[in-house]
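Enquirer: On the provided structure of chain C, position chains B and G as indicated by the hints.
Protein chains in written order, with full-length UniProt numbering: chain C, 1 to 439; chain B, 1 to 313; chain G, 1 to 315.
Honestly, the hints are just simulated from the structure, not real lab data.
Just so we're clear, the structure is a prediction, and the values are computed from it rather than from any experiment.
Positions of the beta carbon are idealized from the N, C-alpha and C atoms, including for glycine.
You may find that some hints are simply not true.
List of simulated lysine to aspartate or glutamate pairs, EDC-like, C-alpha gap at most 16 Å [unchecked claim]:
no.: 1; chain 1: C; residue 1: K424; chain 2: G; residue 2: D83
no.: 2; chain 1: C; residue 1: K232; chain 2: C; residue 2: E436
no.: 3; chain 1: C; residue 1: K196; chain 2: G; residue 2: D166
no.: 4; chain 1: C; residue 1: K438; chain 2: G; residue 2: E68
no.: 5; chain 1: C; residue 1: K314; chain 2: C; residue 2: E179
no.: 6; chain 1: C; residue 1: K419; chain 2: C; residue 2: E249
no.: 7; chain 1: B; residue 1: K137; chain 2: G; residue 2: D26
no.: 8; chain 1: C; residue 1: K424; chain 2: C; residue 2: E179
no.: 9; chain 1: C; residue 1: K351; chain 2: C; residue 2: E47
no.: 10; chain 1: C; residue 1: K276; chain 2: B; residue 2: D276
no.: 11; chain 1: B; residue 1: K141; chain 2: B; residue 2: D200
no.: 12; chain 1: C; residue 1: K424; chain 2: G; residue 2: D85
no.: 13; chain 1: C; residue 1: K351; chain 2: C; residue 2: D367
no.: 14; chain 1: B; residue 1: K300; chain 2: G; residue 2: E215
no.: 15; chain 1: G; residue 1: K118; chain 2: B; residue 2: E8
Partial list, computed: chain C residues near chain G (C-beta under 10 Å) [to be verified]:
no.: 16; residue: L71
no.: 17; residue: P242
no.: 18; residue: G262
no.: 19; residue: D414
no.: 20; residue: F433
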Amino acid sequence: MKTAKLLAATALVAASGLTVTHAQADELTLCWAAWDPANALVELSKEFEAQSGHTMKFEFVPWPNFADRMLNELNSGGKLCDLLIGDSQWIGGGAENGHYVKLNDFFDKEGISMDDFAPATVYAYSTWPKGTPNYYALPAMGDANGWFYRKDWFEKPEIQEAFKAEHGRDLAPPKTQMELLEIAQFFQEREIDGQKRYGAAIFTERGSEGITMGATSSMYPFGFKYEMTPGKYDMEGAVNSPEAVAGLEFYKELYQTATPPGYTDSYMEQSLDAFKSGQVAMAMNWFAFFPGLYADPDTGGDKIGFFVNPGQAKEASTLGGQGISVVAYSDKQDAALEYIKWFAQPSVQKKWWDLGGYSCHVSVLNDPGFADSAPFASDFLLAMDGVMDFWQEPAYAELLLAMQKRLHDYVVADQGTAKEALDKLIEDWTETFEDEGKL
Amino acid sequence: MSSYSITEPSTPQKWFAGTLVVAYAIITLLPLVWIITTGFKSPVDAIAYPPKVLFEPSLEGYVNLFTTRTRVSPETLEALPPPESWYEEIVRNRDMVIAGPSRYGERFLNSVIIGFGSTFLSVFLGTLAAYAFSRFKVPLKDDLLFFILSTRMMPPIAVAIPIFLMFRTLGLSDTHLGMILLYTAVNISLAVWLLKGFIDEIPREYEEAALIDGYTRFQAFYKVVLPQAATGIASTAIFCLIFSWNEYAFAVLLTSGTAQTAPPFIPTIIGVGGQDWPAVAAGATLFLVPVMVFTILLRKHLLRGITFGAVRK
Amino acid sequence: MSDTPFDRAAKATPPTVASKIRGLSDRAIAWIFVLPTIFLLLAVNIFPLIWTINLSFTNFRANRPNREVEYIGFRNYERILTDSDIWLTMQATAHFLFWTIFFQVLIGFTLAWLINRKFRGNDLWTTLIVLPMMLSPAVVGNFWTFLYQPQIGLFNYGISFLTGVDPSSFQMIGDVTLAPWSIVIVDTWMWTPFVMLICLAGLRSIPDYIYEAAEIDRASQWRQFWTITIPMVLPFLMLAVLFRGIENFKMFDLVVQLTGGGPGSITELTSINLKREAFEKWRTGYASAYAIILFVTVFGLASIYVKALNKVKER
Chain C
1 MKTAKLLAAT ALVAASGLTV THAQADELTL CWAAWDPANA LVELSKEFEA QSGHTMKFEF
61 VPWPNFADRM LNELNSGGKL CDLLIGDSQW IGGGAENGHY VKLNDFFDKE GISMDDFAPA
121 TVYAYSTWPK GTPNYYALPA MGDANGWFYR KDWFEKPEIQ EAFKAEHGRD LAPPKTQMEL
181 LEIAQFFQER EIDGQKRYGA AIFTERGSEG ITMGATSSMY PFGFKYEMTP GKYDMEGAVN
241 SPEAVAGLEF YKELYQTATP PGYTDSYMEQ SLDAFKSGQV AMAMNWFAFF PGLYADPDTG
301 GDKIGFFVNP GQAKEASTLG GQGISVVAYS DKQDAALEYI KWFAQPSVQK KWWDLGGYSC
361 HVSVLNDPGF ADSAPFASDF LLAMDGVMDF WQEPAYAELL LAMQKRLHDY VVADQGTAKE
421 ALDKLIEDWT ETFEDEGKL
Chain B
1 MSSYSITEPS TPQKWFAGTL VVAYAIITLL PLVWIITTGF KSPVDAIAYP PKVLFEPSLE
61 GYVNLFTTRT RVSPETLEAL PPPESWYEEI VRNRDMVIAG PSRYGERFLN SVIIGFGSTF
121 LSVFLGTLAA YAFSRFKVPL KDDLLFFILS TRMMPPIAVA IPIFLMFRTL GLSDTHLGMI
181 LLYTAVNISL AVWLLKGFID EIPREYEEAA LIDGYTRFQA FYKVVLPQAA TGIASTAIFC
241 LIFSWNEYAF AVLLTSGTAQ TAPPFIPTII GVGGQDWPAV AAGATLFLVP VMVFTILLRK
301 HLLRGITFGA VRK
Chain G
1 MSDTPFDRAA KATPPTVASK IRGLSDRAIA WIFVLPTIFL LLAVNIFPLI WTINLSFTNF
61 RANRPNREVE YIGFRNYERI LTDSDIWLTM QATAHFLFWT IFFQVLIGFT LAWLINRKFR
121 GNDLWTTLIV LPMMLSPAVV GNFWTFLYQP QIGLFNYGIS FLTGVDPSSF QMIGDVTLAP
181 WSIVIVDTWM WTPFVMLICL AGLRSIPDYI YEAAEIDRAS QWRQFWTITI PMVLPFLMLA
241 VLFRGIENFK MFDLVVQLTG GGPGSITELT SINLKREAFE KWRTGYASAY AIILFVTVFG
301 LASIYVKALN KVKER
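The following block holds chain C by itself, in its conformation from the complex (with noise of 0.2 Å):
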């Protein structure tokens, strides 16, 4: 039954292929996160619409409705979206359910080929089942969790002096997350120009996957995995092996003792206020931002700087990113398709990456020039030698509502130590891959 379908949507995409033509201008909407990178895709789009005469209409939904919103709409099998920027997360669910259209015979056909992308984002934002040729979106924006901070305060000869007494090293962008956390505890609540200030903004958002992608930061390079073996889950002794249990604990401390007052339910959005306000000598974000921070009137230019996510025992970054795919109960298929070609050139690409957007084209990353083409390029390629995902099974949602709510319970709410946090979350896990017929 499956089979039959899948076969169905490939020989539609295949039947569609042959009828691109510029014969119809059709009226496209874009569905993605509101957020600086789309601003820069409205601006992008611009020259497909000249060059297609189809128009481009957008919906844009802030990050923390926009899972709920666009899973929902592609559930209700809606036709909103006829192109969706999605979370690399649902590929897994856009792809079995049938919510996206496959794209591999339209790649051959257009002569786009996956080896013009950097493998990581392939693997991370296209592939479905994972690392197999079967491609269900193009990557668009590739992303990692990254840091940035008040470059201004560090080089104060005050501060500098006061951290060196303490801790006598010399004050620098952190290169472990032990230090990471000794230095937003010396901000902590520190006076600077007649302000009293605060360590880090990091995520602990509830609602949509905030924490999860915050805590993960830290877990990942003190040793936390999803599985012991890849593809088994098997997920006893990694889930809660003591590394993990360590990287968690790790982060409520941070979040207890180095975060400002009332932080409780933040992410993108409130780590950016805190920033742009000065409470924060530090904050975590998406390197989406970066363009944005950097470009800040108030906060940017020589006072702000930039660091990967610091390793420990390993370095990690946790991943971001968008792959763009053309949705399944979209009419207007064939314009969708049109603008992922027009998206894919090399020409195209150089320009996304110009006007904001992390361009995941190869021509574009392996540019000698690029590692100095912002002061957080380099960054950028370091975080994605490193990233690693949440899972992205169809039951993402539900992998992920379980960690939101056991992760949320134990460090903002309080409740229980970081070893039962991590054993309910796979006893939740559990039930989920049981209910898929997985265990």
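Expert: Chains B and G only, in chain C's frame:
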């Protein structure tokens, strides 16, 4: 000794009671006043500490509510021709340019279409049913009336599960028609119960006189009863409208764009970098003020409306 | 009378509606008038309810159309009733229900009693007090998160102004002990006028002569209050509690906007929990069983309560 009379309160008693009630009213209205004033604050004033009571009014919140903007570099800004309108000037002062209109207008319009559509339907159907329940012997009348009421006891999320599946099958997801039908079904219990109360109060003698004069039953209904019930119908309509207007749970689950109403949309208004409270407040103000006006117009029938006609004054 | 309204409607197709319906009997009219409503309710309420019951015995997931659906008997019910997390959300709901009703009855009745002192302008003030209750809970709830901000929020500032506590030293929404109260406060703010209006109607329904007779008997005001006012208002008060009870059991929009169920799951009321199961985890069958359990609970409690209310009324 008679100074403590309950039926005739003394002047000091009245003063005491009046002062307490007025004090409560002022405190309870503060949040509403705060919504309205925040809409006219500049973003800096809105998040000032201590909270600002006096401030220089600004329309930035309203401009931000109706536009989407992008930040541009100072050089680009310099190169642009001078702003053509006052709102462009406000945006430029923040190093931004207007990229286009926001979705607020559309979502507000959706609220209007769905609100009025469902109100019309539920009052139309409700009036007919209420007349029948009021005047005729309908078999199982009490059961039917109770059944109509009990549909209100389900949590909306629970109702939304099968409705979601139904809408998906019928292609009604995220459509105006789907939302109008759903809100009609939810409102009709209120409409029937309220209107039955209003029609019960119209003396049967009027219709009977009309019937003797040679009117048919139907003529008696629309020439005699309907005009008499006009006030009741109007206030029922306003109650239905307010319900559809305020509804959130169904809207957030069953609409995503095309038919999304304002309540799920307003909380998602964000600015460029950080929650734009003046814009949120501006959106809330435009959305809430009509209801405030209706509430004041409706004050006589308020009690009846909120208790499904169980309490009449 | 033998033919149905449909036959008649079909037979008669003269120009005007009036003439079409002229000949109809009262009973036919009654059915024509009632049927559309019944039909709509059947389609949008009863049919879905039956569907929900059916789904509650399956492992169906609305986001997995390709998966085979199996009937699994009462397993969903078993899982829900033995799940300790669900009992925690029930506790959170009970806390919310109890305290909102407590405060609303207390403040609402006091206000009604004061307004019934008939001071000048009481109508105007009553109307103003009523305003919060008519507004969209989602929109207002969203704005309350702003009022609750530790540094810049009006609420914290007001508390600090009255008590001298540093406004940034406490967080209504983020704190584990304060969060359950933050939702109680906003709900009380919104719905106290509702209880007040009903109590006011109750107070006004007491005829003056009863008090006058008591005054002739030299009953103290305190005694009049307990022997006349309270018993006479009680049915009204109970009605108000019934309405608030049902409404707050269903509570979703206000709390979801205020706390989203957090911190952790401290304010995760049943409706929010149900929403997560049904529309975020997409465990449709499981959530259907959950919905049925909630419905039976409300329906059962409400029926018992209505019986008690009728007894009070009869006295």
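Enquirer: A separate judgement is required for each hint: does it hold in the structure or not?
Expert: The hints, checked one at a time:
A C-alpha spacing of about 13 Å is found between K424 of chain C and D83 of chain G, which places the hinted pair at or below 16 Å, so the restraint holds. Annotation: proposed proximity of K232 of chain C to E436 of chain C holds, straight-line Cα distance about 13 Å (limit 16 Å). As the CA atoms of K196 of chain C and D166 of chain G are separated by approximately 14 Å, the hinted pair is consistent with the 16 Å bound. With a C-alpha separation of about 15 Å, the suggested pairing of K438 of chain C with E68 of chain G holds against the 16 Å cut-off.
The straight-line distance between the Cα atoms of K314 of chain C and E179 of chain C is roughly 14 Å, inside the 16 Å bound, and the hint therefore holds. For the hint pairing K419 of chain C with E249 of chain C, the CA-to-CA distance comes to about 9 Å; that is within 16 Å, so the pair holds. Pair hint K137 of chain B plus D26 of chain G holds up; C-alpha atoms about 9 Å apart against a cutoff of 16 Å. Of the supplied pair hints, the one linking K424 of chain C and E179 of chain C is violated, its CA atoms being roughly 30 Å apart against a limit of 16 Å.
Taking the CA atoms of K351 of chain C and E47 of chain C, the gap is near 11 Å; set against the 16 Å cutoff, the hint holds. Among the hinted pairs, K276 of chain C with D276 of chain B is consistent with the structure: their alpha-carbon atoms are about 14 Å apart, no more than 16 Å. Taking the CA atoms of K141 of chain B and D200 of chain B, the gap is near 15 Å; set against the 16 Å cutoff, the hint holds. As the CA atoms of K424 of chain C and D85 of chain G are separated by approximately 11 Å, the hinted pair is consistent with the 16 Å bound.
A C-alpha spacing of about 13 Å is found between K351 of chain C and D367 of chain C, which places the hinted pair at or below 16 Å, so the restraint holds. The straight-line distance between the Cα atoms of K300 of chain B and E215 of chain G is roughly 32 Å, outside the 16 Å bound, and the hint therefore fails. Straight-line distance between C-alpha atoms of K118 of chain G and E8 of chain B comes to about 9 Å, which keeps the hinted pair within the 16 Å bound. Taken as an interface hint, L71 of chain C checks out: its beta carbon lies about 7 Å from the nearest beta carbon of chain G, inside 10 Å.
Annotation: P242 of chain C was flagged as interfacial toward chain G, and the flag is violated, the nearest CB pair being 24 Å apart, outside 10 Å. With its C-beta approaching chain G no nearer than about 4 Å, G262 of chain C sits inside the 10 Å limit, and its interface hint holds. The interface hint given for D414 of chain C is met, as the beta carbon of that residue sits about 6 Å from the closest beta carbon of chain G, less than 10 Å. A cut of 10 Å between beta carbons decides the hint on F433 of chain C: the least distance to chain G is about 13 Å, and the hint is violated.
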